[in-house]
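Since chain A is already given, all that's left is putting chain B with the ligand on it; use the hints.
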Amino acid sequence: MRHTLSVLVENKPGVLARVAGLFKRRGFNIESLAVSITQDPSTSRMTIVVDGEEQMIEQIEKQLNKLIDVIKVIDYTFSPTLERELALVKVEATPQTRREILDLTHIFRATVVDVAENSLIIEITGDVEKIDAFISLVTPYGIKEIVRTGKIVMARGLQSL
Amino acid sequence: MRMIAAKAIVECLKREGVEVIFGYPGGAVLPLYDALYDEKDIKHILVRHEQGAAHAADGYARATGKVGVCIATSGPGATNLVTGITTAYMDSSPIVAITGQVRRDILGKDSFQEADISGITMPITKHNYLVKDPDMLPYIVKEAFYIAKTGRPGPVLIDLPVDVQSTEIDYQPIEKISIRSYRPVYEGNMKQVLKAVEAIKNAEKPVILVGGGCIISGASEEVVALAEKCQIPVVHSLMGKGTIPEEHPLSLGLLGMHGTVAANLAVSECDLLIAVGARFSDRSTGKVSTFARMAHVIHIDIDPAEIGKNVRAHIPIVGDAKRVLRQILENVEPKKHPLWLERVQEWKERHPLRYKEEGEIIKPQKVVETIWRLTNGEAIIVTEVGQNQMWAAQFYKTKYPRQFITSGGLGTMGFGLPASIGVQIGRPDAIVFDIAGDGSIQMNIQELATAVQQRLPIKIAILNNGFLGMVRQWQELFWQRRYSNVQITAPDFVKLADAYGCVGIRVEKSSEIENAIKKSLEVKDRPCIIDFRIAPEEKVLPMVPAGGSIDNMLVD
Ligand SMILES: Cc1ncc(C[n+]2csc(CCOP(=O)(O)OP(=O)(O)O)c2C)c(N)n1
Chain A
1 MRHTLSVLVE NKPGVLARVA GLFKRRGFNI ESLAVSITQD PSTSRMTIVV DGEEQMIEQI
61 EKQLNKLIDV IKVIDYTFSP TLERELALVK VEATPQTRRE ILDLTHIFRA TVVDVAENSL
121 IIEITGDVEK IDAFISLVTP YGIKEIVRTG KIVMARGLQS L
Chain B
162 MRMIAAKAIV ECLKREGVEV IFGYPGGAVL PLYDALYDEK DIKHILVRHE QGAAHAADGY
222 ARATGKVGVC IATSGPGATN LVTGITTAYM DSSPIVAITG QVRRDILGKD SFQEADISGI
282 TMPITKHNYL VKDPDMLPYI VKEAFYIAKT GRPGPVLIDL PVDVQSTEID YQPIEKISIR
342 SYRPVYEGNM KQVLKAVEAI KNAEKPVILV GGGCIISGAS EEVVALAEKC QIPVVHSLMG
402 KGTIPEEHPL SLGLLGMHGT VAANLAVSEC DLLIAVGARF SDRSTGKVST FARMAHVIHI
462 DIDPAEIGKN VRAHIPIVGD AKRVLRQILE NVEPKKHPLW LERVQEWKER HPLRYKEEGE
522 IIKPQKVVET IWRLTNGEAI IVTEVGQNQM WAAQFYKTKY PRQFITSGGL GTMGFGLPAS
582 IGVQIGRPDA IVFDIAGDGS IQMNIQELAT AVQQRLPIKI AILNNGFLGM VRQWQELFWQ
642 RRYSNVQITA PDFVKLADAY GCVGIRVEKS SEIENAIKKS LEVKDRPCII DFRIAPEEKV
702 LPMVPAGGSI DNMLVD
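Protein chains in written order, with our numbering: chain A, 1 to 161; chain B, 162 to 717.
Excised from the complex, chain B in its bound form:
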């Protein structure tokens, strides 16, 4: 069928099941926007900054498991996507970014709004394309989605010169593709699986470590089944949060820098560590040479390059977390480790996550805990970065995968609000909370207008301490309280909410927390900001100083 390439792209997107696109128009994507003008099956969400579009597409992808799509124009539009693409890359989130580019005949000549976005994004995409042949478009779009969502997912960028978009092509839907150089392995090697089974049989003090790979592959059921069948306690990385219900008796909580005492000690003492879809980031391991030093390590990951990268694996298994765990489950015998579980349980009871209440002073932990209680532990929690993120991770006990959405690998301040937009659009019936800091929220505050325009009932809980709190905490602990440039002012968030057309609530007393959250839950047609004036110098604890051993925690 003859049609304009821009129209063909839209057809291709529909075939990929795309229902929503986050984007921002400009000269170099006009043909594409013109094709979207008549399109009824794809909703376009106009953001206020392209970074917001990338984060929103990412949030959508994380909440739904589908590929998120964003569009930006050439030059500044495209470069504004960079932080968002990197954020998605670091957390293996499948997004497809489509950028406009200058005409082919003036490419490479420093033309108006020309930026080499395929060059710029080479190290932060799983793959990217600069399309010079319009006839290849249907194939490229198909390939881009295939690459983004299979194997270890990640962002893919398609750069489209504006004249390519307006060329007439012969459009034939592409049914199947095969890429000779890209064949992800899903099934685990049976010999390795049996070695793992044997190791589990012989272990006396085993621990399962779950990472973001378990969320992506949907391995929750298998993780819980293995943990229960062989009585193995489970710790999670920040990205693995939600794999196992945190109130499960075998869940020990977060591992690493701000992890629980039980999780960090269990990993330090275990004789077998079964890491599933986790990449042993420095925030999880602390000092690598002392990490799990007694343990045999089984490392299950779909990306062979992760195995042996940071921590040596004795039994490497390349494959999809869910499938490999099934293979293990089919072969493993039930086991019991009463002594080990007793020891772990004792750590859990002796060192729960805690905080001190101090009259009417608002403790951020209490804010998160109250949100958890009032939402029955079922809200989708999106976070910004810093202390707010860690308190959210520590005190909101999740029940399901895809319930905790955070920039783990890149730690991008300003992720939370735009990501919440993507989450709420992907999950319209869910209660979505963005747990924010007063610093982070100001990084992409403009997206409030997007949320208002879309009538999204996102709740934004700002843990307002007047500081770039996490940096202040490091300065307090490691830089002799020299608070260099961490005092940050903010606008009056209640007035700001009003100006944008949101509901704004200020909370200054601990006794008001509950009512404010209840009130926010009643708002159904617009965002609601709650400005919690929290104790300004509250710290996130426990803490393992950067580069230290995880069994050596500051507790108070």
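Chain A extracted, bound-state conformation:
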């Protein structure tokens, strides 16, 4: 099944290469990866989504922990978390379809961030399922381009990584 790992790492050059290399070497496939600096500038946080059996996920976590620059690994799959992803979706829009697309955008609380003669760019945030649902609904109108950030998660309440 799909697991979401939060990995706290030293904010040093090469760390991303170490983590990515590890996944490749051990034959693990990354579904999405989001990286950025945290409140402490000496650390970065990676949110990695990976699909695999329990034993494989356990091995991934252990191997990640072995990297000297990895400070902490938490599997958030089974804990209460807030998860978000942002996507930019460029959709074809003719005078006939524009209205329908705008309605969908509204229902999903998404925003139109760019309007051109024959296309719209829509910005949508939410959990992965919401974004997937939106994309499948606008697909019939003709999608030109999609960029997704990959998901990020945070534990609810006071608990922190």
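Warning: the hint list may mix true and false statements.
[Said to hold, decoys possible] The calculated DSS-like cross-link candidates involving lysine-lysine, where the alpha carbons are at most 30 Å apart (straight line), are:
#1 Lys175/B - Lys227/B
#2 Lys66/A - Lys310/B
#3 Lys700/B - Lys558/B
#4 Lys517/B - Lys679/B
#5 Lys66/A - Lys448/B
#6 Lys470/B - Lys24/A
#7 Lys151/A - Lys72/A
#8 Lys558/B - Lys66/A
#9 Lys303/B - Lys72/A
#10 Lys24/A - Lys270/B
#11 Lys72/A - Lys356/B
#12 Lys24/A - Lys12/A
#13 Lys356/B - Lys66/A
#14 Lys62/A - Lys679/B
#15 Lys303/B - Lys12/A
#16 Lys66/A - Lys175/B
#17 Lys62/A - Lys310/B
#18 Lys204/B - Lys303/B
#19 Lys151/A - Lys470/B
#20 Lys24/A - Lys310/B
#21 Lys204/B - Lys72/A
#22 Lys656/B - Lys670/B
#23 Lys470/B - Lys12/A
#24 Lys227/B - Lys66/A
#25 Lys12/A - Lys175/B
#26 Lys62/A - Lys448/B
#27 Lys12/A - Lys204/B
#28 Lys72/A - Lys352/B
#29 Lys62/A - Lys303/B
#30 Lys558/B - Lys227/B
#31 Lys227/B - Lys62/A
#32 Lys448/B - Lys24/A
#33 Lys470/B - Lys66/A
#34 Lys293/B - Lys72/A
[Stated by the list, open to error] What the simulated footprint calls covered on chain A by chain B, stretch by stretch (three residues with Cβ under 8 Å from a Cβ of chain B suffice, anywhere in the stretch; the number is not a length):
#35 35-44
#36 54-60
#37 118-131
Treat the hints as calculated values from the structure; they're not laboratory data.
Ideal placement from N, C-alpha and C gives every residue a C-beta, glycine not left out.
Frame of chain A; chain B with the ligand shown alone:
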């Protein structure tokens, strides 16, 4: 104190207790070599190829338990280290490799002799550094040694741009370091330890499997104590050889592909397998689904990632082999398993390792056995890779840890000779034998010159079969004797010995084996090569075909 960074590195190395460095100079390490020029406390051994430097540092580390150090220049010097670093990585051997790198301002521009060695070695080092800030050097060197030798040891590489080496820095010795993301666990969790104790109490057919972790942690005494207290037979992986004296009545010998019948059957039938510092490599387990299928498994390892990786552990214990075994020993009651030991003993007696003598034809097993007898079982045995390695493992019965030095995980041909150099330098009073094949020895033969220059009395016993013997054996057994590219010629090793300034002896008759070895033992000031012309198609047996169950062995 203000000083040039290169000098500060040398100071740091001295503080780490480094007495010897194996290396090869070049443009990008000139400042470092200049700092070594005046250095009296560190001996530098000039090798003939950087691969030799890495293997020598590795051999030194394995024989002494200290960190081995090697140096190479940027580009080709650094890439030549790669096989040696990987060899050390696979066998958890602590080495620190220092490489030169091009100047910081031309880094990343495909400059002359630039290679991204920190990128290249990412998957084959425990950790590595590309140093851009000269002031960080003392800290980095300290950290590198700390990481290399603690927890599960392994190689660490420090890549040093040449201009970093020649920058003046304010050098302050680093006393202590702490790395927030690196905290190896040494003590076993007491709850798990007690579960293990309970399992040992309830077991009727227990076996202890010792791996390289027992050698590294110095757990021999504890292994023998547990085996004796609870009457548990002991098998070893190739890397665990030497943990328990092999003539101990409870020792069953080598497990796995070329293991003994007794070891393989005992593991296949046991109801409790206590694996200590062993990683269940495919060469030890054979087919995993049938491996120790009746057994509850206690797995003790300092590396949590090893537990459950290949074989499921019912009682995992993360910790240092020696300490965890002590914890178990403090809590376990003495036990007896007369029926089980009887059964194991019967396997041992019925299926000893053996070979057929055939007149004057030289049997490689007899060569190894004679070396064993004439050195009173006390020589340090280094091996190359292939049949020679397996015969050495089978027929040289070791007494001590760190007495058998071999490339187990990577199986690197060409390891033996340069590793022997490191071993002999680390253990100047020991008798060091490199058991070699005629193929492997040609892979790093250039290091003979290093050994001669250092006047090292290494004995090199070439089991010369005119073949890449182990590959030929596989072709014989599994590829219908289609001997594709395994006939290998070699120079006249006696003349070669002479040319390099070594002693060379050729042995063509079985009756000459003993005298030749005796003669080699008298050579004290240079290497001695003995070219044993062995039976060309002798096989290593028993053998478990790759991927087969270990209870299904070819015996002859
Ligand atoms: C660097 C390297 N290349 C290739 C191999 C594959 N290999 C394993 S054993 C072997 C034959 C070794 O021949 P030799 O050194 O003559 O030893 P023998 O088996 O005859 O004792 C080969 C080619 C290897 N282990 N290492």
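Against the structure, the hints come out as follows:
For the suggested pair Lys175/B and Lys227/B, the alpha carbons sit about 13 Å apart, so the restraint of at most 30 Å is met. Between Lys66/A and Lys310/B the alpha-carbon distance is near 15 Å, which keeps this suggested pair within the 30 Å criterion. For the proposed pair Lys700/B and Lys558/B, the alpha carbon gap of about 19 Å is at most 30 Å, so the pair holds. Restraint check for Lys517/B and Lys679/B: the C-alpha separation of about 23 Å stays at or below 30 Å, so the hint holds.
Straight-line distance between C-alpha atoms of Lys66/A and Lys448/B comes to about 27 Å, which keeps the hinted pair within the 30 Å bound. As the CA atoms of Lys470/B and Lys24/A are separated by approximately 17 Å, the hinted pair is consistent with the 30 Å bound. Distance hint between Lys151/A and Lys72/A is fulfilled; the C-alpha atoms sit about 19 Å from each other, no more than 30 Å. Annotation: proposed proximity of Lys558/B to Lys66/A is violated, straight-line Cα distance about 35 Å (limit 30 Å).
A distance of roughly 23 Å separates the Cα atoms of Lys303/B and Lys72/A; the hinted pair therefore holds under the 30 Å criterion. Our distance criterion of 30 Å between C-alpha atoms is met by Lys24/A and Lys270/B, whose separation comes to about 26 Å. Restraint check: the Cα-Cα separation between Lys72/A and Lys356/B comes to about 28 Å, which is no more than 30 Å; the hinted pair holds. A C-alpha spacing of about 20 Å is found between Lys24/A and Lys12/A, which places the hinted pair at or below 30 Å, so the restraint holds.
Proposed proximity of Lys356/B and Lys66/A is supported: the alpha carbons are some 26 Å apart, at most 30 Å. Restraint check for Lys62/A and Lys679/B: the C-alpha separation of about 51 Å exceeds 30 Å, so the hint is violated. With a CA separation close to 18 Å, the supplied pair Lys303/B and Lys12/A stays within the 30 Å bound. Between the alpha carbons of Lys66/A and Lys175/B the distance comes to roughly 28 Å, so the proposed pair stays at or under 30 Å and holds.
With a CA separation close to 20 Å, the supplied pair Lys62/A and Lys310/B stays within the 30 Å bound. As the CA atoms of Lys204/B and Lys303/B are separated by approximately 20 Å, the hinted pair is consistent with the 30 Å bound. Simply put, Lys151/A and Lys470/B have alpha-carbon atoms about 29 Å apart, close enough for the 30 Å limit, and the pair holds. Of the pairs offered as hints, the one joining Lys24/A and Lys310/B holds, with about 27 Å between alpha carbons and a cut-off of 30 Å not exceeded.
Straight-line distance between C-alpha atoms of Lys204/B and Lys72/A comes to about 41 Å, which puts the hinted pair past the 30 Å bound. With a C-alpha separation of about 19 Å, the suggested pair Lys656/B and Lys670/B falls inside the 30 Å cut-off, and the hint holds. Restraint check for Lys470/B and Lys12/A: satisfied, since their Cα atoms lie roughly 29 Å apart, inside the 30 Å limit. As the CA atoms of Lys227/B and Lys66/A are separated by approximately 22 Å, the hinted pair is consistent with the 30 Å bound.
Only pairs whose Cα atoms come within 30 Å are accepted, and Lys12/A paired with Lys175/B is accepted, the gap being roughly 28 Å. In summary, the hint linking Lys62/A to Lys448/B is supported, as the alpha carbons are separated by about 24 Å, within the 30 Å threshold. Restraint check for Lys12/A and Lys204/B: not satisfied, since their Cα atoms lie roughly 35 Å apart, outside the 30 Å limit. A hinted pair counts as satisfied when its Cα atoms are at most 30 Å apart, and Lys72/A with Lys352/B qualifies at roughly 24 Å.
Simply put, Lys62/A and Lys303/B have alpha-carbon atoms about 25 Å apart, close enough for the 30 Å limit, and the pair holds. Proposed proximity of Lys558/B and Lys227/B is supported: the alpha carbons are some 24 Å apart, at most 30 Å. Straight-line distance between C-alpha atoms of Lys227/B and Lys62/A comes to about 27 Å, which keeps the hinted pair within the 30 Å bound. Restraint check for Lys448/B and Lys24/A: the C-alpha separation of about 25 Å stays at or below 30 Å, so the hint holds.
Restraint check for Lys470/B and Lys66/A: satisfied, since their Cα atoms lie roughly 14 Å apart, inside the 30 Å limit. As the CA atoms of Lys293/B and Lys72/A are separated by approximately 26 Å, the hinted pair is consistent with the 30 Å bound. Beta-carbon proximity to chain B at under 8 Å applies to 0 residues in the region 35-44 of chain A; the threshold of 3 is not reached and the given coverage is violated. By the rule of at least three residues with a Cβ nearer than 8 Å to a Cβ of chain B, the coverage given for the region 54-60 of chain A holds, with 3 such residues.
Beta-carbon proximity to chain B at under 8 Å applies to 0 residues in the region 118-131 of chain A; the threshold of 3 is not reached and the given coverage is violated.
The earlier numbered hints that this structure contradicts are 8, 14, 21, 27, 35, 37.
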